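Asker: With chain A's structure known, arrange chain B on it following the hints.
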Amino acid sequence: MAKVKVATDWLDVCSGCHMALLDIDERIVELVKHVQFTSSPITDLKHPPEDGVDVGILSGAVGNTHQEAAAKEMRERCKILIAIGDCAVFGGICTMRNFFDKEEVLRRGYVETESTDEEGAVPRSEELGKLLDRVKAVNEVVKVDIHIPGCPPPADALWFALTELLAGRMPVLTGDNLTYE
Amino acid sequence: MATVNITINGQKVAARAGSTVLEAAREAGIDIPFLCHHPALTNWGACRICLVEVEKQRTLQPACTFPVTEGMVVHTESEKVVNARKFVLELLFSERNHYCMYCQMSGDCELQNLAYRYGLDSWLYPRPYTPLPVDASRTYFVMDHNRCVLCRRCVRACGELVGNHTLGVRERGANSMICADMNVPFGLSSCISCGTCLQVCPTGALMDRRSAYRGRETDVERVKSTCAACSVGCGVELVTRNNHVIRIEGDWDAEVNKGLLCVAGRFEPLFDDRKRVVTPLVRRNGKLQEATWDEALDLVADKLKALGGASLAALASPRVPTETLQAFAQLFKGLQAKAVSSLKPVPDFLAKAEGSLDMLDEADLYVVVGVDLATDFQVAGMAVRRGVTNRGAYLVIVGEVETELADIAHYQFKSTEVDKAIALAKDAEAPVVVYGAGAGGLMPRLWVELSEKARFVGLVPGSNARGALSAGVDGAFDMEGAKGVFVLAADDKVDEALLGKLEGAEFVVAQASYFGPLVERADVVLPTTIWAEKSGTFTNTEGRVQEFRAAVQPPAGVKDDQEILKALAEKLG
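If you're matching them up, the sequences are chains A and B in order.
Just so you know, my numbering puts 19 at position 19 of the first sequence, and the rest follows in order with no gaps.
Just so you know, my numbering puts 14 at position 14 of the second sequence, and the rest follows in order with no gaps.
So that you can see chain A by itself, here it is in the shape it has in the complex:
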């Protein structure tokens, strides 16, 4: 049987959710028997293959135009989209900036930080993604099929969700697998 193709990406994120994915430890050896990891933020291949994958995994909230594009690209190229972690599922800690004007946020980040000298300036290159007016959960941007909250989600919950999918079932989180912190 052909292996199930999986692509992952991170958006507005601390990367802790991808660490949680690695926290499934030696079970990853079992997993790669059935799964082919294609693109991810920590491999050379950054974008999901154009011919598509079976499962797409996104961590992090959607905070800028690049992340919005990445979320849409993943949605287009995967059959089942999983949002992992509180930021991807709810918006999480990234949404603290939603209480401020985005120019104020940029100034605070690039000009007014205690460690910035008078040279500090907000980067305005066209190459950079632009901040959205407010940070969104992934399901505010594209349709999400499976939500795995947690900050980070337990490795067991990620393992459970992937093995349920491999067994042909939609995972339903219960007990310790469902956590908001």
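The hints are simulated quantities; they were obtained by calculation from the structure and are not laboratory data.
Computed from a prediction, not measured in an experiment: that's the story for all the values here.
Keep in mind that a hint or two might mislead.
As the list claims (entries may be wrong) - Estimated spans, in silico, between C-beta atoms of each pair: (1) A121/A to R222/B: 51 to 61 Å; (2) E112/A to F87/B: 52 to 62 Å; (3) A121/A to R241/B: 43 to 53 Å; (4) P126/B to D101/A: 17 to 27 Å; (5) E112/A to P131/B: 13 to 23 Å.
Note that CB positions come from ideal geometry on N, CA and C, so glycine has one too.
Answerer: For chain B alone, coordinates are given in the frame of chain A:
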């Protein structure tokens, strides 16, 4: 008891007539979840979590407000019900900041527990991100509006239980906000910091400053005990972790206070910043120096023997258990001490317990004489507030004792106008006279005039004053002819007047927990336990004997009162 036959989830239930579906289900052991409901408060129907399917009803009904009727068939976890609850939860979660990972209440939150119970893993509703204030203007707890679900438990607790009516809701719909008085900061409002709202809040909206982030329910232990702040003797639950009391809560099962506490019982004991005495001290060359227990006790025993009973006066605080006071009286009466007195002597007219606090909830007119219920007996004061503001009872204050309760009083009379109060009481259906230490001269007349008509509730100063009286620790302190003085102060504060009297003493022993003027004056200091470290019984003003339980261990070097008295008795032979 009339019963109504209903069926819940296929189970036949004989429900009390007049009960709600929620009450009937709980009494039958069937769990219906809720958020705005609280057993101590009136039913409100605000949160819609307790929605159930009632056959022949067009829509789902809130179990907390829906009365049972004969033949009713109820389903509490049908698909329709579960879907409705999930929908309600999604709406609640989408509105304000309910991100658990940075909330103090996470793990103990009733909203979070419901989300786990119904497997909420996401919601699709837009999040408004309205910036809402955090009000930290109160000393002891913080209100974070971002965590509030507008269940109104706090509003009901403040009005229905405390009778204070500080809290309310302003604006409408999605703009609704909990507010104090006419929307002033909580710290500037009529709030009396009793913390009842804090105790009933289901989410992290109200946060206790002292215990915040110091442990979840699974990390802490709870010990039921009695409050030592005054002679009302409220039931408390001491919440401890790693040998520290981190929070004090009112015991909902306690008959005296039914869950209520005041600022003096709930918060002030945990904000006591006096320095502990943790080793015995002996005055050498005019200076207090550390000593061993043997050295200190030997010195005390030798001095007491040398001075002899007639020149010895003994004083104890009524903030210690009755058993300690009995041991104290036995020791010093055995030594023939000229006086065995209390730090807060009980006036003769209060010596006999009279009335019960329950009476306060049945009165239609209160005559409050010589006592400040708003400061010194606050939980009794809450009963009067409830009576006045919720049941329309009249409040008549007599005498010269100042009290904030005057704000809601209908009449205020000077002592010389007591007859006016008597006349009002005679016209009432169920008058209650509440009196305290300042009522002295007025009581004989009130008893004579109103004994047929009114009920009397006496409030004695000193938290375990009744225990002290029963142990024979009473009477005014008299220094006349005394050379040696033994003061069992424990954690009590000793007033200036007493310290003045000690000026002439040759030898002063302080059995005390904290440094302060008494310790500074003492020749020997025996470090002893504080309220949370003692066990025994307290007798409240009604004469009710209540358990006082230690929740934490004393610091090394400190001994319990009774242990010290026993060791001293042995040294004295």
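Asker: With reference to the structure, classify each hint as holding or not holding.
Answerer: Do the hints match the structure? See the list:
About 56 Å separates the C-beta atoms of A121/A and R222/B, a value consistent with the hinted range of 51 to 61 Å. The given range of 52 to 62 Å is broken by E112/A and F87/B, whose C-beta atoms sit roughly 43 Å from each other. At roughly 49 Å, the beta carbons of A121/A and R241/B sit within the given window of 43 to 53 Å. Checked against the given bound of 17 to 27 Å, the beta carbons of P126/B and D101/A, roughly 19 Å apart, stay inside it.
At roughly 19 Å, the beta-carbon separation of E112/A and P131/B lies within the given 13 to 23 Å, and the hint holds.
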